[in-house]
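Each chain is listed here by its residues.
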Amino acid sequence: MPRRTRPALLLAATLLLALTGCAGFTMVPPGPTATKGMQLTPGTAWNRFNNPRHPSHLDVWTQNGPILDMLVVLGGLEDGRALLNLETDDGGTPLPVFRSTMTATDIQSLFETTVARVRRARTVDLFGLRPAPFVGEDGFRFEFAYLGADEVDRRGIAVGAVRQGRLYMIAFEGTGLLHYPRGLPEAERIIAGARIAGS
Amino acid sequence: MSGPTRRRLLAGCGCCMVASSFGCAPPERPLIPGERPTTATDEGGLWAIMDREEARLARSPLRVNDPGLERYISGIACTVGGAYCRDVRVYVVRNASFNASMAPNGMLQVWTGLLLRTENEAQLAAVIGHELGHFVARHSLTRMRTARTVGDIAAFIALGTAGAGVQGGPQAVQAIAISALFAYSRDQEREADTFGLAAMRQAGYAESEAAAVWAGMAAEERAEPARDRGVPFLATHPGAEEREQTLRTLAASAAGTGRMGEDTHQAALAPLMPTMLADEVRLRRPERSLSVFQRLLARQPNEPGLNAATGEVYRLRAALGDDERALAAFRIAAAAPRPPATAWRGIGLVEQRRGQRAEAAAAFRRYLATTPEPPDAAMIRSYLVEGT
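Going line by line, the protein sequences match chains A and B. No gaps in the numbering here: position 181 of the first sequence is 181 in the numbering used here, and each next residue is one more. No gaps in the numbering here: position 283 of the second sequence is 283 in the numbering used here, and each next residue is one more.
Just so you know, not all the hints are guaranteed correct.
Computed Cβ-Cβ distance ranges for the label pairs, DEER-style [unchecked claim]:
#1 B/Gly45 - A/Gln39: 58 to 64 Å
#2 B/Arg331 - A/Leu177: 41 to 47 Å
#3 B/Thr370 - A/Gly176: 28 to 34 Å
#4 B/Gly75 - A/Gly43: 54 to 60 Å
Derived from the structure by calculation, the hints contain no laboratory data. All C-beta atoms in this analysis are idealised placements derived from N, C-alpha and C, irrespective of residue type, glycine included.
Based on the provided sequences and hints, a complete structural model is requested.
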């Protein structure tokens, strides 16, 4: 039923090359590190995934590569901005944006839609949304699971808080079978020790 | 080249109409029911590749395991397919986009996004009939045979078997590329339309419903604000209006009787509806979702799931006047004997946003009391505490 022509294929192939050609990895050693307005203290070394397409408020770390696990650090997102600025799969409707007046329920919904559209998740399940402290504020946390087009089961946690109208969040995700359960203790340590710089 | 020879060549080259560097191959003779090509041929090779894909799809976590639904759709495929009944195998796939496709080996995929958008059995029969048209006429084989170089053929095969993708951009490539595998020429689409309508007629379905499917898609695309429309060649279904017109014209001579099968359709889809509605709402393309939901609500205005989903769309869009629209929709859903969980929750969230603490608390309590194990119970309880 869908119809495509060759020019579309060529353009898409060019986009693919552009996307994969630029990203690199740098080491984040264990110990205190400043990133995106936050102070984090990883207990083990991580790889920072430098993707020029990531927005300025995002820092992405990984142990085994982003396909297998990711620690997404979101620091100081302002009112009116989306969580990510990547192209959505339909290239059309813009992603919903963060508002300072949002409740935890709203922010979880924002996260859910972002995962669905940007990660092309076919199924997204959310669990256990509850109040939880984060960066010294009254924040929230929840667990999630999703299936992308690659059909791999991924699990994750997200913890966040709004401070002075800006959103701070850390989400850790990994393959349900191995990388999530294995990486979770270190992710929880990072989350528990996270502070906003200068606070 | 002499006149008649050139005309014959052009007649056989319907595929040349497509703007591509592919060459041309004459159309194939129709498949015989029960036919299976020998593996030594290029067609046999294509089938073998598709068989492998089908084995993967059969155990995919994205396959919807609803035997009742699969039986229902298989039943339609058999009714519409006639002698080809046993050559078709139906797979329902969890994907919120509007799509159905039939692989050259008889594997029929119907995506949940398409199921959601069909209002009755006749509309689903139209889609299946159309796909059967491609299958019987072996259009994919013709497309493959038009590939001029070894590289083209390799790309054709590779795209059809593209398995796991990686994140981000490459998946867009994959999605487009896989669609290119089954990209048919204008003539092939028309042939499939004609076949589909004839099959519907023979099976006793209302032929007018074929155009109705595309009328719905056209309305949905028009509903999307111009600023949000994507790049044209990335649009899911270019020419929805054109498809609607073609099918309306082709069905114009139809008797006008023929069954719709609304009740059987709603009953068969009912178990999967909450999931399909949630998948659609999650995408946050409110104008498109509202277009679909309003079309479905026209036939069942008090259906609780549809009303709750409509409420969610308004609640999440939060444009001027949306709070009132959301509450109105949620209230219809909440009045049902077994309201969907999102109904009372939605009322609570909207009232909370409006600062109506008492109303919000009452709604949250109803939500907690009537929903088994709500996944956000702890947060909703904290809202209750906050509100006091």
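Now for the hints, and whether the structure bears them out:
{"no.": "1", "hint": "B/Gly45 - A/Gln39: 58 to 64 Å", "in the structure": "holds (59 Å)"}
{"no.": "2", "hint": "B/Arg331 - A/Leu177: 41 to 47 Å", "in the structure": "holds (44 Å)"}
{"no.": "3", "hint": "B/Thr370 - A/Gly176: 28 to 34 Å", "in the structure": "holds (31 Å)"}
{"no.": "4", "hint": "B/Gly75 - A/Gly43: 54 to 60 Å", "in the structure": "holds (58 Å)"}
No hint from the list above goes unmet by this structure.
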